[in-house]
Amino acid sequence: MVAALVELRDELARQSRYWTILAGVDGRDPLPQTCMAAKAHAFAQAAVRADEALGRVVRSVS
128 MVAALVELRD ELARQSRYWT ILAGVDGRDP LPQTCMAAKA HAFAQAAVRA DEALGRVVRS
188 VS
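For this note's numbering, add 127 to where a residue sits in the sequence shown, where the first one is 1.
Wrong hints could be hidden among the right ones.
[Said to hold, decoys possible] Below 20 Å or equal to it, Euclidean Cα-Cα: the simulated SDA-like pairs (lysine to any residue) are:
#1 166 x 147
#2 166 x 135
#3 166 x 183
#4 166 x 154
#5 166 x 148
#6 166 x 138
#7 166 x 136
#8 166 x 182
[What the hints assert, rightly or not] What follows is a set of in silico ranges between Cβ atoms, one per label pair, in the way DEER data are often shown:
#9 138 x 165: 14 to 24 Å
#10 164 x 189: 36 to 46 Å
#11 175 x 149: 37 to 47 Å
#12 141 x 161: 20 to 30 Å
Bear in mind the hints are in silico, worked out from the structure with no lab data behind them. In this text, all values refer to a predicted model and were calculated from it rather than measured experimentally. Every residue gets a Cβ at the ideal spot worked out from N, C-alpha and C, and that includes glycine.
Whole structure, please, built from the sequences with the hints as guidance.
So this is what it looks like as structure tokens:
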């Protein structure tokens with residue numbers, strides 16, 4: 128379970144970085160850039176939640 132949470136957290140963080148990079152590319156229309164930034168933010172929030180859950184699991188087995 129811990130390994131799965133670590134993998135999930137890492138993938139969410141990777142997705143956040145990916146969408147952050149895409150949102151920062153110049154020459155795009157503002158609406159798609161805003162959508163990409165929103166995706167990046169959502170993935171970052173999910174990564175934080177996964178990290179919090181991972182911390183709770185680790186503390187409960189310690």
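To see whether the hints hold, each was checked on the structure:
Taking the CA atoms of residue 166 and residue 147, the gap is near 8 Å; set against the 20 Å cutoff, the hint holds. Between the alpha carbons of residue 166 and residue 135 the distance comes to roughly 16 Å, so the proposed pair stays at or under 20 Å and holds. In summary, the hint linking residue 166 to residue 183 is not supported, as the alpha carbons are separated by about 26 Å, beyond the 20 Å threshold. For the proposed pair residue 166 and residue 154, the alpha carbon gap of about 19 Å is at most 20 Å, so the pair holds.
A hinted pair counts as satisfied when its Cα atoms are at most 20 Å apart, and residue 166 with residue 148 qualifies at roughly 11 Å. Distance restraint check for residue 166 and residue 138: the Cα-Cα separation of roughly 14 Å lies within the 20 Å cut-off, and the hinted pair is therefore satisfied. Pair hint residue 166 plus residue 136 holds up; C-alpha atoms about 15 Å apart against a cutoff of 20 Å. Among the hinted pairs, residue 166 with residue 182 is inconsistent with the structure: their alpha-carbon atoms are about 24 Å apart, more than 20 Å.
Look at residue 138 against residue 165: about 19 Å separates their beta carbons, and that is inside 14 to 24 Å. At roughly 37 Å, the beta carbons of residue 164 and residue 189 sit within the given window of 36 to 46 Å. A C-beta distance of roughly 20 Å is found between residue 175 and residue 149, which places it outside the suggested range of 37 to 47 Å. For residue 141 paired with residue 161, a C-beta distance near 21 Å keeps the hint of 20 to 30 Å intact.
Checked against the numbered hints listed earlier, the structure breaks hints 3, 8, 11; every other hint is satisfied.
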